[in-house]
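Each residue of the sequence shown is one higher than the last, beginning at 5 in the numbering used here.
It cannot be assumed that every hint is accurate.
Simulated pairs of lysine-lysine, PhoX-like, Cα-Cα distance not exceeding 25 Å [as the list claims (entries may be wrong)]:
id, residue 1, residue 2
1, Lys-53, Lys-84
2, Lys-28, Lys-53
3, Lys-54, Lys-28
4, Lys-84, Lys-54
Label-pair distances were calculated between CB atoms; the ranges are [unchecked claim]:
id, residue 1, residue 2, range
5, Glu-104, Gly-70, 15 to 21 Å
6, Val-55, Glu-104, 22 to 28 Å
7, Gln-52, Ala-79, 17 to 23 Å
8, Glu-109, Arg-25, 48 to 54 Å
9, His-86, Glu-10, 49 to 55 Å
10, Asp-46, Ala-23, 14 to 20 Å
11, Ser-72, Val-112, 14 to 20 Å
12, Asp-57, Phe-7, 30 to 36 Å
13, Ala-79, Glu-24, 32 to 38 Å
No lab work stands behind these hints, which were simulated from the structure alone. A quick note: this is a predicted structure, and the numbers were derived from the prediction, not measured. Glycine included, C-beta positions come from ideal geometry on N, C-alpha and C.
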Amino acid sequence: MAFNPELGSSSPEVLLDNAERLDKLLNGDAATVPDRAGEPLDSWRRQQKKVDDTLVNFQENGGAMGFSSLQELLAFTPDKAHVLAVDTSTGEQYLWNGTEWVPSEYQVNKQIKSLNEI
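Could you build the full structure based on these sequences and the hints that come with them?
Here it is as C-alpha cells:
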C-alpha cells in the first residue's frame with residue numbers, strides 16, 4: 005500500500021499520528037494497533053503475553069533455554085523442575101531440580117573439546 009504522505013515524511017501530522025500509535029501500542033488495552041498502512045502491530049501487552057505463553061509451553065513440554073552468561077542463567081527461576089538451560093558463553097548445561105540449578109552430568113561441550121583434541 006502506498007503511504008500518503010510517503011514513508012520518511014517529516015510532516016508534523018505524521019509525527020503526531022506515530023506518537024499516538026506508540027502510546028496505544030505501549031499503554032493501550034488492544035492486542036493490536038494498525039500501522040499507517042492498516043497492518044496490525046502487536047501491542048506491548050500482546051508481546052508480553054506471547055513470551056509468557058512460550059515460557060509456560062516450554063516448561064510444560066520441555067526444551068532447552070539458552071542464556072548469555074552463567075549469571076543470567078542463575079538469575080532465572082523456573083516455576084517447575086526439569087528445565088534444561090545452557091550457558092551459551094561456555095556451552096555448559098544446567099538442570100533446574102526444583103530448588104536450584106545444578107550442572108548436568110553430561111556436558112556436550114566437554115565431549116566436543118575431547119574430539120577436537122584428537
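Hint by hint, here is what the structure shows:
1. Between Lys-53 and Lys-84 the CA atoms are separated by roughly 19 Å; this keeps the pair inside 25 Å, and the hint holds.
2. Restraint check for Lys-28 and Lys-53: the C-alpha separation of about 16 Å stays at or below 25 Å, so the hint holds.
3. With a CA separation close to 18 Å, the supplied pair Lys-54 and Lys-28 stays within the 25 Å bound.
4. In summary, the hint linking Lys-84 to Lys-54 is supported, as the alpha carbons are separated by about 19 Å, within the 25 Å threshold.
5. Distance hint check: the CB atoms of Glu-104 and Gly-70 are about 19 Å apart, consistent with the given range 15 to 21 Å.
6. As the Cβ distance of Val-55 to Glu-104 is approximately 24 Å, the hint placing it in 22 to 28 Å holds.
7. In this structure the supplied range 17 to 23 Å holds for Gln-52 paired with Ala-79, their Cβ-Cβ distance being about 19 Å.
8. Roughly 51 Å separates the CB atoms of Glu-109 and Arg-25, a value that falls within the hinted 48 to 54 Å.
9. At roughly 53 Å, the beta-carbon separation of His-86 and Glu-10 lies within the given 49 to 55 Å, and the hint holds.
10. For Asp-46 paired with Ala-23, a C-beta distance near 18 Å keeps the hint of 14 to 20 Å intact.
11. Between Ser-72 and Val-112 the C-beta distance comes to about 18 Å, which sits within the given range of 14 to 20 Å.
12. Range check, Asp-57 to Phe-7: about 33 Å between beta-carbon atoms, so the 30 to 36 Å window is met.
13. Taking the beta carbon of each, Ala-79 and Glu-24 are about 36 Å apart, inside 32 to 38 Å as hinted.
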